[in-house]
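Novice: Letter by letter, the chains look like this.
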Amino acid sequence: MIFHPGILALLLGSALTSSMLCYCAYEGVRIIWGWDIRSGSERQLELERRTYLVSLVMSYVLGFQLLSLFLFIYTADTLSPLFIGAMCAAGSLKVNGFGYPALILKIVTCLLAGLWLIVNFTDNKAPDYPLIRIKYWLLLCITPFLIAEASVQAGYLLGLKPNIITSCCGTLFSTDVNTVISDLLALPRLLSQGAFLASTLITMALGLYVYLKTKGACLFSIVSLFHLFISVTALISFISIYFYELPTHHCPFCILHSEYGYVGYPLYLVILVSALSGLGTGIISPFRKIASLHDVIPHIQKRLALISILANSVFILIAGYGILFSNLSLAAY
Amino acid sequence: MIHLQDIRKVFNAGKPNEFVAIEGVNLAIDSHGAIALKGPSGSGKTTLLSILGCMARPTSGRITLQEREITSLPERFLTEIRRETFGFIFQQFNLIKGITVLENVMLPAYPNAENHASLKKRAMDLLDLLNIGGKALAKVEWLSGGEAQRTAIARALINNPTIIIADEPTAHLDTHLSAEFMEIMRQLKQEGKTILLASHDPIVYESKVIDRIVEMRDGKVVSAGGGP
Amino acid sequence: MKALEKQRNILDFTLSSLGRRKGKNIALVMVYTFVIFLLASVLFFTHSLKKEAALILQDAPAMTVQRLVAGRQDMIPMHYIDSIRQIKGVQSVVPRLWGYYYDALSGANYTLMVNADLNDRAGEIIIGNGVSWRSAPGKRNNQGLQKNDIIPFKTYDGTVLGLKVKGLLPFASELVTADLILVSETDFRKIFAIANDQATDLVLQVRNAKELPTIAAKITQIHPDTRPILRQEILRTYDAVFDWRGGVILMVLAGVFFAFIILAWDKATGLSAEEKREIGILKAIGWETSDILLMKFWEGAAVSLMAFFMGIFLAYLHVFLASSILFAPVLKGWSVLYPHFRLTPYINAYQIATLFFLTVIPYTVATIVPSWRSATIDPDSVMRM
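Chains as they are written, first to last, in the working numbering: chain C, 1 to 333; chain P, 1001 to 1228; chain L, 2001 to 2385.
All the pointers check out, no bait thrown in.
In silico EDC-like cross-links for lysine to aspartate or glutamate, where the CA-CA straight-line distance does not exceed 20 Å:
#1 C:Lys125 <-> P:Glu1069
#2 L:Lys2051 <-> C:Glu259
#3 P:Lys1097 <-> L:Glu2275
#4 P:Lys1097 <-> L:Asp2012
#5 C:Lys161 <-> L:Glu2233
#6 P:Lys1097 <-> L:Glu2299
#7 P:Lys1121 <-> L:Glu2005
#8 P:Lys1015 <-> C:Glu46
#9 P:Lys1097 <-> L:Glu2274
#10 P:Lys1120 <-> L:Glu2005
#11 C:Lys125 <-> P:Glu1084
If the Cβ cut is set under 10 Å, some of the chain P residues that face chain L in the computed set are:
#12 Glu1075
#13 Arg1076
#14 Gln1092
#15 Glu1103
#16 Leu1107
#17 Ala1113
#18 Asp1167
These are calculated hints, taken from the structure and not from any lab test.
Backbone N, C-alpha and C fix where the C-beta goes; we use that ideal spot for every residue, glycine too.
Make the full structure from the sequences, and use the hints.
Specialist: Okay, structure coming up:
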């Protein structure tokens, strides 16, 4: 292990969040067993009070996870000089087998926590709390993910030993190595640009449709999920190079550096927000049939669709700005 | 307006200090009028008042408010109803010390997400109506008993409730102030508000303002009859 | 917009409430600030040291070759130079002469290094700042050594050699140059009795940095008794050492930190009767549990932000203006020579984020349950009081 303040911070943070969530899971079990909204017994009143605690903790968990996602990448970046050949986070995450799984789990837990909060928000709009059992079952499903994330991250950070030779982002994300990521990059630029353009248009159009007609939420949420992957691919394969002003540099992390004005942070954030709001419209859609939620859900879906449209617009604005005002001209390549 | 059906409230259920505060209460309260809950201390007046005012949920029984069943509403929704329907005046007025009269009056409306400026204007109008507009920016601990009483009434009225609930409002007032309080209640009743008072003070329940007296003893309603 | 109005109203009330309970909150904010101050000082300090080291090593040679005898570094024969220069890719090989000198007068260790500029000016030296302050304890005005002052050196056989100060080294990178004395080759060999065909180590310039490992391998093949060291390796070691020191201090401070968390927990749990009454009133007049929680959130945010910025500000002053008087000895470690050590201010977003994780998040976690508990006071509690 490297005794680095950032590592200590990440370990402390994830230990705290996962233990809080474990406590919430325990409360969740009690609520699943004992909930009876018709009763006015002290036990039921106590359980109702506990739901506030769980919602509160989950909001904090989402916030912490989001922060720790970026702190994690930043830490990997900072540590890269300790590893031969690692020039940024892309290299230091490859130092051992836990690096990239930890990153992916972090993103997944962020999305899950966000979705839970959307379900919770919906449920709290109906006086009979119709989703109470569903959402606590969901909480029980999320908990293992968070624990896995904390353990994999610990595995990664504790297993770091300086000086291990790793590849730098130049080889991991260059087009001559055969990995899934580089396969994606090997797509002709026009194809990946076309895919991104089409996906953005479809997502925004569907978002608008959901916003206006409050229909098609499930399709919208599936499209949003695909859009998440396509946006990330587009960001790595052709948007980032305009910021780097280097046609061969395809690193997903360097764009977070100060040299590029930290532009990666808003870009990744809006990708996450767009995916979350898109998935959110879908996940609450099946509950429209519940009488007490019948009028509530379309309203929430409208709002989520609007958030998704806004997030995608922000992405286009920032990326468009980068492409238009870049000194890089791809005509020669 | 409010219907209580076989209401029972138990504290510390299942523990050695279990205590049944009220039991088997059936009561119907109509709009427009003043009702006094009368009875010795410990008779369950306050508990009944808090259940009537949607502050607490009964252990069993059914409540309907304006034809809507509210028995098993969770706190989140009960509070909303309480905020819109009831205005509360407490025994010791329970003003929050350290902040101004105006802020105290505005407090119940904060969760309503009303615009700060328009809320301030409404609060000032209310204070003017109760003749303490001049004290709006004074801290509450500097108020006289009468001013504190008017501030508490203004606070109860800020959300324009249909029902005013007061628990032992005259317990710490002299005769003069008690009479003044009942006079204000009379005016509110005239404006069409329903008044619910719990008191064992004759000035309250013998007042002409009161239309009906509900008598309580040992957690039960002994007489739900008409007024004097 | 409606939601914003509500936030504003509740934030308004929260801030005025905080103001009303100054006594209780000031103590908490002060301890909180102190904890952040300590942690931030450690982080800022180690980070600046790393930056400083990296700055110095920028100009360091890409490769240094030492000779090992019985596992210890020894003088390297000059004739190694020719064979190393033959290796493809090597641009130049230059011998270096340097060593440590213990000065009994000041009780400090100096680094003596031969500088080519002084080679035809035997008897003259150029000294670092630390040396100048340390070697002049008897001087009036506490000015330190000046030009043309003479420092006596005790040579290997006990005779004294007086060398004249011809200049001071610039301030820019004080960490490494503070204890440095530049001497001529003749004087150096005279003090330490080193034969003319030997050097301390060899410094290589290489045409292509990518070939460094290959060249290093070839050198050890030709001269198995040598040890080539790359600049990258030194840099990495510095980084690791400073990180490690910072980490160790953080662990030591963990005690202070836990004490603080317990205090925060205690403050949050031990609500005064007055506060309980207030929350009861708010709930009775129509505030909901979530509203109280929102208020508690703003309260925590206000306290945390205040302490956070004050702590960072104080740490900044401490590290960059007051020379980290509190724990510089532990972190710098090895020498007594740095009385006027001053770092170039350097703070980045990452340090702030790390600090936030190490302080605000544990504080928040410690206060979640107590604030929830206080928010779930029954609304009818004020009537039953």
